[in-house]
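Take the sequence shown: its letter number 326 is residue 326 in the working numbering, and every next letter is one higher.
Please keep in mind that the hints were generated in silico from the structure rather than gathered at the bench. Please note: incorrect hints may appear among the correct ones.
[Unchecked claim] Lysine-lysine pairs mimicking DSS-like chemistry, simulated, CA-CA at most 27 Å apart:
(1) LYS111 with LYS51
(2) LYS227 with LYS365
(3) LYS120 with LYS483
(4) LYS155 with LYS483
(5) LYS365 with LYS448
It should be emphasised that the depicted structure is a prediction, and the values quoted were computed from it without experimental measurement.
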Amino acid sequence: MIAFIVIITILVLVAGYIFYGKFLTRRFHLDDTVPTPACQINDGVDYVPAKPSLLLGQHFSAIAAAGPIVGPILAGIWFGWLPAFLWIIFGSIFIGGVHDFASLVASIRHKASSIAEVVKENMSRTAHVLFLIFVWLSLVYVIIAFTDITAQTFKTVTSDMAFGPGVAGSSVLYIFVAMVMGVLLYKFKLGVGLATAIFLPIVLFIVWIGPHLPQSILNFLARIPVKQWDILLLIYCFVASVIPMWLLLQPRGYLGGWLLYLTIAISLVGTLLGGFSIEYPAVNLSGMQSIVNGKLVFPFLFITVACGACSGFHSIVSSGTTSKQLRRESDARVIGYGAMLLEGLVAVLALATVMMLPKSAEMLKSDPNLIYAHGIARYLGLVGVGFSIAFPFALLAFSTFVYDTLDVCTRLGRYIFQEIFGLDSRTGAFLATTATLALPLLVLMVSKEKGYLVAWPIFGTSNQLLASLTLLALSVWMVKTGKNAIITIIPMAFMLIMTVWSLILQILPFINNFPNWIGGGAIHTDTMISGIFGMILLVLTIWLMVETVNVLAFKKKSELKPAARTAGGK
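Could you put together the complete structure from these sequences and hints?
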């Protein structure tokens, strides 16, 4: 029974939070008598102490987008549900949770600075620039993967699930409604409670109206190819990145958060009370032949599950906005560690939509968003919600999760590009946004296969490498401040080995075909893209490791002695 797996998941994650979370709290010497940057500065704009319950909701919405849904579904199909399940549980407790927790603590100990600034302060200027470039490339690949996944959602699908145009129509209306809400909140000072009461029902109405739009509109949307949807979505990313946050990002993120919590609740109730049995094989190693060229589950399982167990992107969120709102140090346990364990639960619930399907099911040949929506629709069917309503609702909910990811990643990519090249003006913002979206446009236009299938292995690798390098920087910080760094060194070493291993395996096809290509022969475009990106990431990784060795081995001993602890200090 799937319910049994979900119950085990909840119990193990709760136990991990209670026992290992308490262990981490002691190891990082969290002290509520030391004021956090949010309390010290408290400027009412960026630095604002928040209640743990509110901050947890905001932080969780920011990190739990489409990643913990797509990755576990792909991993479950390719490798079987058991390897994916075990890695989600183990990874979220001992690696992903530690990564998020340590990133948040390190940030508040550096006056709520970003993780890149932590690298700069504890390593070198060179390491700082390399880290920024790595983060920027990782964000670019996030945009590539999730842009195409959304475009696949909007295309017309076959048989009884031809809801693509309707979901596309609902998504356009959803963005428009979010902007109206933003104007009313910011310009006309509408209360948040009243806005929620007004606009949540409107969003649900949008879900229903999408497939019922005039046939002429649906036919027009159906004729738009996936590549053109890719372009339109990148245009959306550009606009969302440069307009004020209050106009689109904040209200859309707020409404999307409600849809996220609603789908989690539906999944929990459906898996626990629906009586669904496990149909898919526990282990399916043969399913990985076409994806990783017959390589063993090690190391590709880890980069495929990606965000469901560990995500380097979380360090950017933890050290970006979350650390500026932490009311007291002990809250880092529930916010940093607890939110990652909740994301692990989301990943298992997504995996359950594969577990309930037999291996012969046609649905398994579909994209992850359709598999997820199919599962949600089956859960809603238990309470009498028709498939024609439940399926579009789940697809729109999925699309809103992706909008969260695309909005934030494009804006962060713009910030990082501006920081690297010193582009501080408004024109610089437009140039940085254009540069950040140019690579995704190029990759998506030249990809022969589904863009997200090409991008996902490199996206997963870059994301996990970012987590590895973040843990590497955190380990340096812990050594320099006299802490026992073993709790970050072991996860870092494991993730670094797995991700570099997978990166090399993805580069090899390009290297093996390169002589043939130089000689005038053909080379698969997707192989070339993965190979070039992979080599760049590998060079950056090795360079950062060299910088780390330089810091630890060649700095004066006095520079590695722990500094005295001050308010907001280390």
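> Failing hints, ascending?
Replying inline: 4
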